[in-house]
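Visitor: Each chain, letter by letter, is given below.
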Amino acid sequence: MEWITNFLVFALCYAGLSCLCLAMDRHYADLHGRGAEPPLQLRRRLRWAGWLALAFGLAWAMHSSGAGYGTVVWVGSLTCCGLLLIWLLPYAPRHAMLLARVAGVAALLAALVLAVR
Amino acid sequence: MKEGFRQSMAWLHTWSGLLVCWILLLVFCAGTASYYRNEITLWMQPELHAAAGQPVSSEQAATAAQTAMQERAEGATRWFITLPGERNPALQLGWNKPSKPGEKKKGRRGNFHSEKADPSTGEVLSKPRETRGGEFLYRLHFDLHYMSALWARWLVGFCAMFMLVSIISGIVTHKRIFKDLFTFRPKKGQRSWLDAHNVTAVLALPYHLMITYTGLVTLMFMYMPSGVTTAYKGDQDTFFSEAFPARVGETKAAGVAAPLTPFAPLVRQAEQRWGAQVGFVSVNLPGDANATVTLRRASGRDMSSKQPTMEFDGVTGKLLATYGEEMGGASNTHGVMYGLHIANFASPLLRALFFLSGLAGCAMVATGALLWAVKTRQKQAKALAAGKRPSFGLRLVEALNIGAIAGIPIAFGTYFWANRLLPVGLEERPKEEIAFFFGAWAVAAIVAQLRPTRAMWRIQLSVGAVLLASLPVLNGLTSGSHLGAVLLGRGPVAVAAFDLVVLVLGLGLAYAAFRLKPLPAKSVKSAKPATKADVTPDTAAGAA
Amino acid sequence: MSASVQTEKLLRWPLPEALHYRLGVASRSVAAIVGGYLLAALSTMLLSVCLPMARVEAVMTATLASFAIYTCAVLWVFATSSALRAWLGLLIPGAVMAAILQWMDALSWSLA
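Going down the list, the protein sequences come from chains A, B and C.
For the first sequence, numbering that gives the first Met the number 0 gives the first residue as 0, with consecutive numbering after it.
For the second sequence, numbering that gives the first Met the number 0 gives the first residue as 0, with consecutive numbering after it.
For the third sequence, numbering that gives the first Met the number 0 gives the first residue as 0, with consecutive numbering after it.
A portion of the hints provided could be inaccurate.
To spell it out: a stretch of chain B is covered by chain A in this simulated footprint if at least three of its residues, at any positions, have a beta carbon under 8 Å from a beta carbon of chain A; those stretches are [stated by the list, open to error]: (1) 179-192; (2) 200-213; (3) 348-358.
Facing chain C, from chain B, some residues (calculated, C-beta under 10 Å) [said to hold, decoys possible]: (4) LEU17; (5) ILE167; (6) HIS173.
No wet-lab data here; the hints were simulated from the structure.
By construction, the Cβ of each residue, glycine as well, lies at the ideal position given by its N, Cα and C atoms.
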């Protein structure tokens with residue numbers, strides 16, 4: 000099922016970008032009120048989670064479609080997910096983050112399905 | 000320059016961007032549309048919508064082509080056959096029509112005949128209306144129009160270099176490129192335009208860099224021939240035969256008639272050797288004893304645009320030579336860069352991502368121009384409030400902005416409308432369709448120059464919106480494959496996709512026009528953002 | 000730093016500030032567009048004959064890289080502190096490359 004393969008890349012990219020975004024003061028404040036800052040522990044965890052998700056996305060894309068092709072797909076998916084995130088943030092920040100959680104869970108499920116097959 | 004590195008780069012970014020942005024917008028819009036040029040051409044030939052057909056093997060298609068051309072291409076000395084592929088379900092047949100003695104030479108285009116055929120039977124598909132279709136948009140983005148291709152390519156290359164400089168200087172000058180990565184603050188005037196510009200530029204930055212550089216690479220031997228001439232001491236032919244291996248020189252006709260060997264076994268042999276499909280077949284001197292058949296591999300998912308070819312004797316079917324199977328690192332790099340620009344290797348998903356990034360590019364150019372206009376208007380705010388007129392530069396830029404950002408969608412929309420409304424048997428039909436494209440654009444641009452006001456923005460955005468969003472309706476009325484039909488499984492998906500995309504773009508333009516409510520008379524201080532910043536740029540580009 | 004300021008004061012024509020600025024911009028623009036192209040072309044020529052690979056590969060590599068060189072030259076022209084430095088920064092490396100090419104008997108001005 001090729002669509003799960005592609006979906007996993009997108010889910011990881013969106014979840015990863017959202018984590019990195021939330022780790023920033025400005026966008027954390029978008030969600031939790033002006034002046035709010037993420038506690039150090041949370042910030043670190045979010046950054047790790049974000050970068051790991053993006054890295055896994057790249058690795059998976061390269062594994063399933065070849066090094067060059069996979070990289071191009073990953074970059075394109077970053078653009079697409081980034082644009083979506085940035086569009087949602089100012090208008091519906093809670094939805095943006097909800098989508099991030101859903102994407103994270105979906106990514107895990109997709110990974111499981113692909114591992115089992 | 001004297002002010003410090005970042006500031007000089009900011010200055011350079013502004014001017015290298017602004018001076019050529021309107022041409023670049025055209026290039027980006029037409030280029031982005033070109034990702035789907037085959038689909039656009041299909042939409043513009045409703046007569047062909049019904050012929051979906053079952054997929055056939057390359058051997059079958061090649062055999063059907065051979066039979067068809069033997070019948071129809073009397074006297075031709077060269078055959079060109081494009082086998083059906085992912086983007087093109089039909090067989091594409093082409094041959095040269097040698098001029099009869101005493102007949103005036105019609106020039107290359109007039110002497111070439113091309114048609115689409117059913118890949119299972121070889122029969123000509125019901126003759127569709129004459130149109131350049133998506134090919135016009137593709138050519139537009141580097142050959143422009145109404146000027147010699149050579150001049151156009153130099154101009155576009157010049158603008159591409161400006162763009163490359165603009166991108167790099169933009170990266171250098173963007174202080175908080177990571178901190179501001181996700182920042183978008185709507186409804187804040189100048190800041191919103193800046194955010195929109197930054198976001199569309201940075202989020203698709205790898206794409207923008209790639210498409211600009213690879214664009215230059217596609218014509219690099221024209222733009223930078225000095226390497227070739229120096230290393231080969233002027234002998235360019237040797238360089239090209241080494242770099243792009245293929246048979247050199249024309250074989251002369253033997254003058255002896257000999258039957259052409261059947262294509263099917265050749266296709267089978269090639270596909271076995273490459274493990275991939277054959278994309279293209281060309282025949283030299285069919286029916287002659289010196290005939291040759293050349294097969295070229297189809298571009299699969301492999302990123303290089305350079306595909307190997309196999310050359311066979313046209314009478315015996317013996318393999319004469321293979322070309323392009325071994326390639327050096329630099330040649331391969333060139334092929335990959337070329338391939339990345341043309342993106343033939345892309346799956347439907349990746350093609351959609353390229354298209355999205357291309358739209359982001361259109362948005363980047365548009366928001367950049369708008370940002371300059373808004374900023375400059377604000378700088379002149381005091382003078383304007385005191386009753387002075389806007390400076391020449393500001394007025395010119397504001398008028399050009401309307402003419403380009405709102406005018407290009409109008410041009411695209413008119414082109415598609417003309418395709419359906421112009422009578423089918425019209426003389427020089429493709430030229431007429433193109434004339435409508437430019438005519439509509441000229442009207443929009445001229446009117447914009449006369450009155451570059453907020454009201455003009457509303458008017459032109461609305462016109463563009465109507466022209467684009469109504470295309471699905473027009474399609475339904477003028478062809479059998481409207482959206483409803485496709486949903487029921489009757490009709491090509493590509494046509495429905497076209498309908499949906501132009502509908503979304505049209506609605507975006509409509510939303511932008513809607514947001515441009517007339518300003519209350521008193522407020523001259525800050526320029527509120529004309530529209531919801533992210534929607535306008537994404538959709539104002541009007542790529543189909 | 001003071002040396003360049005002195006040089007500047009010496010070479011500065013007695014022109015009004017605005018005109019001086021505009022001439023500077025014009026001068027740099029010519030340097031960037033024309034001079035940058037020539038520098039990129041010379042670099043391409045030199046790389047094409049010097050790179051340690053097959054001739055066709057060297058030419059490919061050099062030509063592929065030429066646009067990056069051109070871009071860097073343009074950026075340099077506008078980043079550097081005076082129009083004079085901009086021109087010198089193009090002319091001197093250009094002359095050196097041309098000299099090397101001439102010595103290698105490979106100087107070819109044919110752009111056909």
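Visitor: Against each hint, give a clear statement of whether it holds in the structure.
Guide: Evaluation of the provided hints:
1. 179-192: That given contact holds, which follows from 6 residues of the region 179-192 of chain B lying within Cβ reach (below 8 Å) of chain A.
2. 200-213: Our answer is that it holds, as 4 residues pass the Cβ test (under 8 Å) against chain A, meeting three.
3. 348-358: holds (count 6)
4. LEU17: 14 Å, violated
5. ILE167: Given a least distance of 6 Å, the restraint on B/ILE167 holds.
6. HIS173: 14 Å, violated
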